[in-house]
Amino acid sequence: DVKVTQSSRYLVKRTGEKVFLECVQDMDHENMFWYRQDPGLGLRLIYFSYDVKMKEKGDIPEGYSVSREKKERFSLILESASTNQTSMYLCASTSGGLYEQYFGPGTRLTVT
Amino acid sequence: GENVEQHPSTLSVQEGDSAVIKCTYSDSASNYFPWYKQELGKRPQLIIDIRSNVGEKKDQRIAVTLNKTAKHFSLHITETQPEDSAVYFCAASMGGATNKLIFGTGTLLAVQP
Numbered sequence: 001d002v003k004v005t006q007s008s009r010y011l012v013k014r015t016g017e018k019v020f021l022e023c024v025q026d027m028d029h030e031n032m033f034w035y036r037q038d039p040g041l042g043l044r045l046i047y048f049s050y051d052v053k054m055k056e057k058g059d060i061p062e063g064y065s066v067s068r069e070k071k072e073r074f075s076l077i078l079e080s081a082s083t084n085q086t087s088m089y090l091c092a093s094t095s096g097g098l099y100e101q102y103f104g105p106g107t108r109l110t111v112t
Numbered sequence: 001g002e003n004v005e006q007h008p009s010t011l012s013v014q015e016g017d018s019a020v021i022k023c024t025y026s027d028s029a030s031n032y033f034p035w036y037k038q039e040l041g042k043r044p045q046l047i048i049d050i051r052s053n054v055g056e057k058k059d060q061r062i063a064v065t066l067n068k069t070a071k072h073f074s075l076h077i078t079e080t081q082p083e084d085s086a087v088y089f090c091a092a093s094m095g096g097a098t099n100k101l102i103f104g105t106g107t108l109l110a111v112q113p
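Top to bottom, those sequences are chains A and B.
Residues in the first sequence are numbered from 1 upward in steps of one, following this note's numbering.
Residues in the second sequence are numbered from 1 upward in steps of one, following this note's numbering.
Don't read these hints as lab results, they were simulated from the structure.
Among the hints, a few may not be true.
Said to hold, decoys possible - Partner residues aside, some chain B positions facing chain A, computed with beta carbon under 10 Å: (1) Gly1; (2) Pro44; (3) Ala91; (4) Gly106.
What the hints assert, rightly or not - Simulated pairs of lysine-lysine, BS3-like, Cα-Cα distance not exceeding 27 Å: (5) A/Lys71 / A/Lys18; (6) A/Lys57 / B/Lys37; (7) A/Lys3 / B/Lys71.
Ideal Cβ placement from N, Cα and C applies to all residues, glycine included.
Work out the full structure, taking the sequences as your base and the hints as a guide.
Okay, here's the thing in structure tokens:
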């Protein structure tokens, strides 16, 4: 079974803090994604990576950065957390564009 | 930019009835259309997908249809059961050499026993 794990299920941070969300997959997938899920807005792509050290902006990259130093690990960084970044963050991985994306359990981030 | 529209946003049916969720996409180069189910508090999981060279695909009580000319695709669930209650997301692949999916905004399906 493909396993995608995320470092935290729930996280509470203060405005201005630097926040790290980590995602790990065990299927040797080349492609990894970070999404943000908000009610009524569906899943919106923040960043994705198609190889180690490679990244591309998604639809809503502002206020976020990413890091992929190893194939199995993809990190999302909030440089200076703001209240409008309170959301559910989902990581996913896939072996290719026309194949299933496997999601992690999500991190519910609250910024106060 | 490219987008996927999904309707309805909420759908309530009686157990045993059918449910239909519809999506429209804008990128004419899209060629892969998956559907994900997300139960409350859980991660999205793929339930069925279709590629552009196929017009219809079935898996037990679930079917997906694709009309490439109209850029429409739909999810059909027959003989609904309470365990079908969840949020359903459609998605379409981005055209060209990319691995990205564009997701719809989701449909909350409630199956009343």
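For each hint given before, does the structure comply? Return the numbers of the non-compliant ones in rising order. Going through the list in order, the structure violates hint 7 alone and respects the others.
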